[in-house]
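J.: If you want the building blocks of each chain, they are given just below.
There are 2 protein chains.
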Amino acid sequence: MKDIVFVTGNEHKLKEFEHILGKTLISEPLDLPEIQSFDLEKVASYKAEEAYKILQKPVMVEDTGFYVEVLNGFPGPFVKYMEQTMGDAKMGIMFEGSSAKARTCIAYFDGRQVHTFVGETEGKIVPSRGPTGFGFASIYEVGGKTHAEMSKEEKSKKSQRSRAIEKFKKFLESK
Amino acid sequence: MKDIVFVTGNEHKLKEFEHILGKTLISEPLDLPEIQSFDLEKVASYKAEEAYKILQKPVMVEDTGFYVEVLNGFPGPFVKYMEQTMGDAKMGIMFEGSSAKARTCIAYFDGRQVHTFVGETEGKIVPSRGPTGFGFASIYEVGGKTHAEMSKEEKSKKSQRSRAIEKFKKFLESK
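Just so you know, the sequences run in chain order A and B. Sequential numbering from 0 applies to the first sequence in numbering that gives the first Met the number 0. Sequential numbering from 0 applies to the second sequence in numbering that gives the first Met the number 0.
No lab work stands behind these hints: they were computed from the structure. Just so you know, not all the hints are guaranteed correct.
Just so you know, same-sequence chains aren't split out, so a pair can sit in one copy or run between any two.
No more than 25 Å apart at the CA atoms, straight line, and that leaves these computed lysine to aspartate or glutamate pairs for DMTMM-like [said to hold, decoys possible]:
{"id": "1", "residue 1": "123", "residue 2": "82"}
{"id": "2", "residue 1": "22", "residue 2": "38"}
{"id": "3", "residue 1": "89", "residue 2": "2"}
{"id": "4", "residue 1": "168", "residue 2": "38"}
{"id": "5", "residue 1": "166", "residue 2": "109"}
{"id": "6", "residue 1": "154", "residue 2": "17"}
{"id": "7", "residue 1": "89", "residue 2": "30"}
{"id": "8", "residue 1": "89", "residue 2": "172"}
{"id": "9", "residue 1": "100", "residue 2": "172"}
{"id": "10", "residue 1": "41", "residue 2": "82"}
Quantities reported herein were computed from a predicted structural model and do not represent experimental measurements.
Using the sequences and the accompanying hints, generate a full structural model.
T.: Here's what the structure looks like:
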């Protein structure tokens with residue numbers, strides 16, 4: 000396995016990746032421009048290419064979207080702006096009962112080709128339960144628990160991010 | 000007044016600008032990457048700079064955001080993706096009665112400095128009235144009429160876009 004730079008400033012995400020991949024990653028907290036698109040893979044791929052231009056090393060980025068059924072799938076990749084404006088508590092009350100999907104896309108770019116790995120979960124929106132302030136985790140219930148209520152171990156088996164990381168891991172192992 | 004290139008593929012917008020500015024514009028339908036930001040002026044400024052890199056001439060772009068009170072101001076610059084997923088009819092029913100603001104930002108870049116001009120209106124959300132399919136015009140009521148119900152003449156006096164264009168006109172005349 001080559002050395003891969005994970006573009007993130009989030010220590011928690013870094014640990015989650017390292018735990019599942021079973022290897023230490025180099026992290027770089029670059030502040031990259033993200034493009035507007037409803038296509039999560041396009042957003043992540045563009046970000047990986049921009050990171051490579053700066054770092055000139057194999058890079059990995061990730062982006063997560065949240066698709067609310069009652070809003071016909073909106074806000075998708077724009078969920079972070081919904082969190083910043085409405086906040087999770089209000090989102091949980093306003094969209095309570097709606098089914099929802101969460102998707103994480105990992106984009107890996109080695110300078111030749113972008114590879115993307117998508118993990119998805121399906122659940123429903125509930126009034127906030129569990130620690131708040133981590134995106135939509137406290138209002139997104141999958142299998143009876145909100146993501147915020149799950150232990151680290153449960154999340155590393157079941158979350159959209161862990162599913163994307165597992166796919167990425169298989170890809171790396173096959174190389 | 001120098002020749003200015005208006006980056007748009009929308010014939011209707013082009014006519015509105017020409018009508019208020021009282022001059023013929025060159026239009027170019029460039030498909031530029033837009034950055035993700037809740038700051039409308041930042042989105043428009045970035046787009047103007049990208050357009051200048053390609054055209055190497057004074058350029059003007061515009062971007063419009065829609066700020067729904069009941070969503071604490073969301074979706075702002077991301078309204079086009081809300082329109083594409085939910086559609087105006089559903090937005091009008093779901094957010095009926097909420098006050099809202101619409102903002103247009105024009106960014107003009109002459110190769111030296113970006114200038115921005117913002118026009119704003121305040122109104123409320125109503126179930127769709129008037130021709131649909133033009134963004135949020137049929138669900139955004141200002142002074143008793145939805146934007147879709149207004150005549151071209153009314154819109155060119157009162158819309159957020161016309162207000163931004165008027166500011167831009169004054170700037171051009173002062174140069």
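J.: Which of the numbered hints above does this structure break?
T.: 2, 3, 7, 8, 9
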